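**Q** For reference, the chains in residue letters:
There are 4 protein chains.
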Amino acid sequence: MKKKDILKEVVKHIDIKKINSVPIVDAMRDMSFTSRDTAEAADILNKMIRDKGCTVFLTIAGSTSAGGCMQVYVDMVKANMVDAIVATGASIVDMDFFEALGFKHYKGTPYADDKLLRNNYIDRIYDTYIDEEELQVCDMTIGKIADSLEPRPYSSREFIREMGKYLTKKSKKKDSLVQVCYEHNVPIFCPAFSDSSAGFGLVRHQWDHPEKHVSIDSVKDFLELTKIKMAAKTSGLFMIGGGVPKNFIQDTVICSEVLGKDVPMHKYAVQITVADPRDGACSSSTLKEASSWGKVDTVYEKMVYAEATSVLPLIASYVYHKGYWKTRKKYEWAKIFE
Amino acid sequence: MKKKDILKEVVKHIDIKKINSVPIVDAMRDMSFTSRDTAEAADILNKMIRDKGCTVFLTIAGSTSAGGCMQVYVDMVKANMVDAIVATGASIVDMDFFEALGFKHYKGTPYADDKLLRNNYIDRIYDTYIDEEELQVCDMTIGKIADSLEPRPYSSREFIREMGKYLTKKSKKKDSLVQVCYEHNVPIFCPAFSDSSAGFGLVRHQWDHPEKHVSIDSVKDFLELTKIKMAAKTSGLFMIGGGVPKNFIQDTVICSEVLGKDVPMHKYAVQITVADPRDGACSSSTLKEASSWGKVDTVYEKMVYAEATSVLPLIASYVYHKGYWKTRKKYEWAKIFE
Amino acid sequence: MKKKDILKEVVKHIDIKKINSVPIVDAMRDMSFTSRDTAEAADILNKMIRDKGCTVFLTIAGSTSAGGCMQVYVDMVKANMVDAIVATGASIVDMDFFEALGFKHYKGTPYADDKLLRNNYIDRIYDTYIDEEELQVCDMTIGKIADSLEPRPYSSREFIREMGKYLTKKSKKKDSLVQVCYEHNVPIFCPAFSDSSAGFGLVRHQWDHPEKHVSIDSVKDFLELTKIKMAAKTSGLFMIGGGVPKNFIQDTVICSEVLGKDVPMHKYAVQITVADPRDGACSSSTLKEASSWGKVDTVYEKMVYAEATSVLPLIASYVYHKGYWKTRKKYEWAKIFE
Amino acid sequence: MKKKDILKEVVKHIDIKKINSVPIVDAMRDMSFTSRDTAEAADILNKMIRDKGCTVFLTIAGSTSAGGCMQVYVDMVKANMVDAIVATGASIVDMDFFEALGFKHYKGTPYADDKLLRNNYIDRIYDTYIDEEELQVCDMTIGKIADSLEPRPYSSREFIREMGKYLTKKSKKKDSLVQVCYEHNVPIFCPAFSDSSAGFGLVRHQWDHPEKHVSIDSVKDFLELTKIKMAAKTSGLFMIGGGVPKNFIQDTVICSEVLGKDVPMHKYAVQITVADPRDGACSSSTLKEASSWGKVDTVYEKMVYAEATSVLPLIASYVYHKGYWKTRKKYEWAKIFE
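Residue numbers (this note's numbering), protein chains in the order written: chain A, 7 to 344; chain B, 7 to 344; chain C, 7 to 344; chain D, 7 to 344.
Careful, some of the hints might be misleading.
[Claimed, not checked] Straight-line alpha carbon distances no greater than 25 Å define the calculated SDA-like cross-link-like pairs of lysine to any residue that follow:
hint	chain 1	residue 1	chain 2	residue 2
1	A	Lys58	A	Glu46
2	A	Lys239	A	Lys178
3	B	Lys294	D	Lys171
4	D	Lys18	D	Tyr117
5	C	Lys294	C	Asp49
6	B	Lys24	B	Ile151
7	D	Lys171	D	Asp181
8	D	Lys267	A	Asp181
9	A	Lys239	A	Tyr330
10	A	Lys113	A	Lys178
11	A	Lys308	D	Lys341
12	C	Lys23	D	Asn26
13	B	Lys58	B	Ser262
14	A	Lys113	D	Asp49
15	D	Lys84	D	Lys341
16	A	Lys18	B	Pro29
17	B	Lys121	C	Pro270
18	C	Lys175	C	Leu107
19	A	Lys218	D	Gly266
20	C	Lys113	D	Pro29
21	B	Lys14	A	Tyr306
22	B	Lys84	B	Glu164
23	A	Lys113	B	Arg35
24	C	Lys23	D	Asp49
25	C	Lys233	B	Ile151
26	C	Lys9	C	Lys121
27	C	Lys110	C	Leu122
28	A	Lys58	A	Thr304
29	A	Lys308	B	Tyr117
30	A	Lys23	A	Lys332
31	B	Lys180	B	Ala85
32	D	Lys113	C	Val305
33	C	Lys179	D	Asp32
34	C	Lys14	B	Gly300
35	A	Lys308	D	Lys18
36	B	Lys53	B	Lys239
37	B	Lys121	C	Asp282
38	C	Lys23	D	Asp32
In short, the hints are calculated from the structure, not lab data. Just so you know, these numbers come straight off a predicted model, no measurement behind them.
Isolated chain A (complex conformation) (with noise of 0.2 Å):
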């Protein structure tokens, strides 16, 4: 069996615009267990995005994104729904930033024979495989983009955004997160960016570059995502998985403390995991748990206990056609850096 045979069927990405899940949610509504959550996680993201001043912070972990929800995310971008992303690396360069390069994902089995794949080239994300040769293409272009800065340590933030500017020009696939997010002045932070594709073509910029390169500073994105949420106060989180961006977002407020300046818990928080809260771990602590921290406010929020590609589409397609996003102001955090 050769490469091509097995890269057949590419991943498609749903469209939320296309698909209206209102009546499925408000049926929902009156279930119970995993699909009164959903319909109750839609209603708070939708409360979210009426709520008149309230910023709302996407967080990305897990592979959604190369599991065919890529669309959602730059979807709500597109219609104001989100004002800043918390993500991890491989969710923004291995899966957005790769296919805004041309590449794509294909449909597999998670019954593979892993050692075909190894022979191929084929790396596999559970039933969902990628082709290695051109993951390395991506790695590359990371490093270029490096070579071409001035040597000084970034923000995560501010390599996204020259990655976004580098997609206005070469980007062969217009619709990409990283490129919307730049057009509208949608901050994305990696906090963890080095462990992703990007960390191999930084590697090798710091490589070929010792003395004088470009480094990343994961302090400077904690303090830049504290900054928006001074700025913001209102704040609401809708978060995909758990891992470093759930707890980095949430930091923010015990962050804004730290600074000497008091900012309210984030009011809004939905959470959509397959993980279990009894190891004690970040990615599944409860929302209850993190009200003890201080972190986040307990009137609205709801853990949505499922893998994410089944209810997120219902979700989100939920809110885009309750409509309230045409109306709601834009914030551009992305501009207080500038």
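Position chains B, C and D against the provided structure of chain A, taking the given hints into account.
**A** Only chains B, C and D this time, still in chain A's reference frame:
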């Protein structure tokens, strides 16, 4: 807080006829993870319906009937999408028969004060409440039906048929699964029938009639269900949760062999579950594992790892709106026992 | 690859008498998460044993007996730590009775080629194998026992007692749970008895004797188990997995009420499970939830979220080596049915 | 209820030196499911220790350090069973460094009233409590260390080394991982260092010194860690939880290629996790999946699906008491950066 203040909002059952999930499921087919699994499960159920000569077995474990999916099952039977049912006693008696008597399930919260509920005779299923006094009426109704029958061993199917007959005269809600199956000659089996509200009524019946009484013979259940499999030959399984119903229907293939009649493995199989396969329990065992036992074929099988209320409506609505049931043969397997 | 090459390494059952977990459990008591839960579960089981007048019910669901814990249950009965058992049919017949006949379980792998296994008549439980031809001998032995009995309805307890009697003459392995319980007058209930190897044998028996035959009356099971609860009054539950056994023993409190005799809720309760409480299924329902039903008291209850083979040996060894069973009263509840 | 009444019972860390798990693990090897996986994981860790020339990387994510396993890691380092560590910032700073400063974790309950905790400045991790005021001291200590350093980009390893040096003078508890690793030249990497208590201190430092300040360059982390992998060649991974540490260490194989030096895949790999592989997230991705990326070899790999506090002590104690570390070579990888 009084009972009537706690039991205020009723659970309403989703109507797959009114909600058209075809566009969403069609989009999910080209995504990854649980969304793709959901679409593939819908496709397999659709294949079962289209396969002339295929008997569809529905199994129900867990609390989806209480949790807003009760009408899904009723509509599937009315649309001739299901030919026989294997279920837990709770799904059939405590939930479906209970609502047929005019009672309701109520929306609650998993963070309830269980002592307060206890003091108000309110029973909790995660985020759903039941009035225990109403449940006692249900228990006693079962006892009365038993009192009215000839004392001898019955299969659960025979007894549930009597419950259906009772409802044709006494039901307050006409559209119950027990009554609709009675009317459409779709047999219902509860292999662990006593493990439910029915158990209380039947124990009371035997206590009051120590010498001559109705007994429930689960061996007879197994024999009858195997007779259907032997008559049906080609079969597909649509399984909500696992438990005894899952194991029971799978075992009919082996049981036929034991009776000297070779039958084909179940040709199609879908299971929706949150169970974790790593503990070796039947509920969570994969369908691939079942194939080692010679129970289930592996060409058309799909595990959907999701809480069922979130994906079952999508799957059932999809197959309903594809409409292949309209020209499907009626099996009326209940008739072979008359 | 031939059958004898696949079935090479036998599963050996852990011996809690030889392994002293007291130091480990004592350390776990001051840790967090599952380790502390494990220690607290051991403490509650120990309390049950020390509480004069407390009857201990053991429930077994899942495949721990096949997976190396079979001797744990036997040793608990021999050490007078268990007074009655409620189990799945598979645990008692396919696993325990099966090994009593001289057969074994084998170490396998979850990554097996299930087609290869099928062709060799090897059945797989996750990473454990069974010789299907041996299992058929087990089925048929049940059939022969049924053939030898007076035709009438039996509780599963009565039938399992006959299996114990059979083993006193015919067993190849003396230390089976079925035989040891027979000898110690510890009753075993399988409320879904037919859902096991026993079912095949009994169906064959009824098929061969269509007019007069043994039937298994699960109502009788429920009545008998409730009679023990009514006689025992104070009780504790030690539950491995969930399923029908968990629900059945919990329901005896309610069933006593139905028969006009108020009994106390189960005073102690431990459950070891990997199930997820969010689907509203009984297997996964928390013990706090059970308290809303008036089944289980909440002073001494503990859910241990773990795959049981990893923590059950620690808990059982701890209580064994604490030694309070040495002076404990013997209840021999089986005698009340004679 | 006052703070001192809530923070009463301290979490005590298990001592693998005093507890000998060899008999239990030896028994588990012939069982099934998680018990056998646990034994096989212990065997693989033992192989890493015995393999002359193999560098052992320990990764730590989640809250096991707070939850009673802190001393396990320290003892592994002191016994020369670990050559480099990749961890979350929280494990190293909020938990380990925090206790080095003389503070404690406390036993709590997952059913806490989080509002009450909030009002008392108590932070909750599932069933474990932390005094937030003590945590602020920890934050500020990091800030002071940063203030004392030359302003330039640091890898997290460099900064944590400074923390170790600080502790040699100021620690109240001598046996911390940070200090012991400093003394044994075992480098610690936190690729998402700011996502922790350290972040607060460092943000404060940069806020106070806007022009010239310490920054944390995660690219440098990746480069340094890759240099160790390139020097080490043969390597084994012992991973507690997943997250960024898991991904980061796995990626060093690819990163070496990017730098033009082919290195072997990680030869051994063990991961203990409760994560569910079906969401495509890195934390939960199987080691077989990692082999498709060319990161991990599949001959000696084992996923143990368990909450780590319940099985890590068994595994670590087993390898400790087997004693092969006594004659093992010391790598002191920290020295290559000096």
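**Q** Decide, hint by hint, whether the structure agrees.
**A** Hints and how they fare:
1. A/Lys58 to A/Glu46: Within the cut-off at roughly 20 Å; holds.
2. A/Lys239 to A/Lys178: 38 Å, violated
3. B/Lys294 to D/Lys171: Since the Cα atoms of lysine 294 of chain B and lysine 171 of chain D sit roughly 55 Å apart, the hinted pair is violated (cutoff 25 Å).
4. D/Lys18 to D/Tyr117: Answer holds: lysine 18 of chain D to tyrosine 117 of chain D is near 21 Å, not above 25 Å.
5. C/Lys294 to C/Asp49: 18 Å, holds
6. B/Lys24 to B/Ile151: Cα-Cα ~36 Å, so violated.
7. D/Lys171 to D/Asp181: 13 Å, holds
8. D/Lys267 to A/Asp181: 36 Å, violated
9. A/Lys239 to A/Tyr330: Holds, at roughly 21 Å.
10. A/Lys113 to A/Lys178: It holds: about 21 Å lies between the C-alpha atoms, which stays within 25 Å.
11. A/Lys308 to D/Lys341: Distance of about 48 Å is beyond 25 Å: violated.
12. C/Lys23 to D/Asn26: 16 Å, holds
13. B/Lys58 to B/Ser262: 22 Å, holds
14. A/Lys113 to D/Asp49: 36 Å, violated
15. D/Lys84 to D/Lys341: 17 Å, holds
16. A/Lys18 to B/Pro29: Distance of about 14 Å is within 25 Å: holds.
17. B/Lys121 to C/Pro270: OK: lysine 121 of chain B and proline 270 of chain C at ~15 Å, within 25 Å.
18. C/Lys175 to C/Leu107: Status holds; Cα separation ~11 Å.
19. A/Lys218 to D/Gly266: The hint holds at about 21 Å.
20. C/Lys113 to D/Pro29: This hinted pair holds, its Cα atoms lying about 19 Å apart.
21. B/Lys14 to A/Tyr306: Given that 25 Å is the threshold and the Cα spacing comes to 21 Å, the pair holds.
22. B/Lys84 to B/Glu164: Between lysine 84 of chain B and glutamate 164 of chain B the Cα gap is close to 21 Å, so the pair holds against 25 Å.
23. A/Lys113 to B/Arg35: 10 Å, holds
24. C/Lys23 to D/Asp49: 24 Å, holds
25. C/Lys233 to B/Ile151: Within the cut-off at roughly 23 Å; holds.
26. C/Lys9 to C/Lys121: Holds, at roughly 13 Å.
27. C/Lys110 to C/Leu122: 20 Å, holds
28. A/Lys58 to A/Thr304: Roughly 20 Å between the alpha carbons, so the hint for lysine 58 of chain A and threonine 304 of chain A holds.
29. A/Lys308 to B/Tyr117: 12 Å, holds
30. A/Lys23 to A/Lys332: Cα-Cα ~14 Å, so holds.
31. B/Lys180 to B/Ala85: Holds, at roughly 16 Å.
32. D/Lys113 to C/Val305: 18 Å, holds
33. C/Lys179 to D/Asp32: 23 Å, holds
34. C/Lys14 to B/Gly300: 22 Å, holds
35. A/Lys308 to D/Lys18: 33 Å, violated
36. B/Lys53 to B/Lys239: 16 Å, holds
37. B/Lys121 to C/Asp282: Distance of about 23 Å is within 25 Å: holds.
38. C/Lys23 to D/Asp32: 15 Å, holds
Hints 2, 3, 6, 8, 11, 14, 35, counting from the list given before, are not met by this structure.
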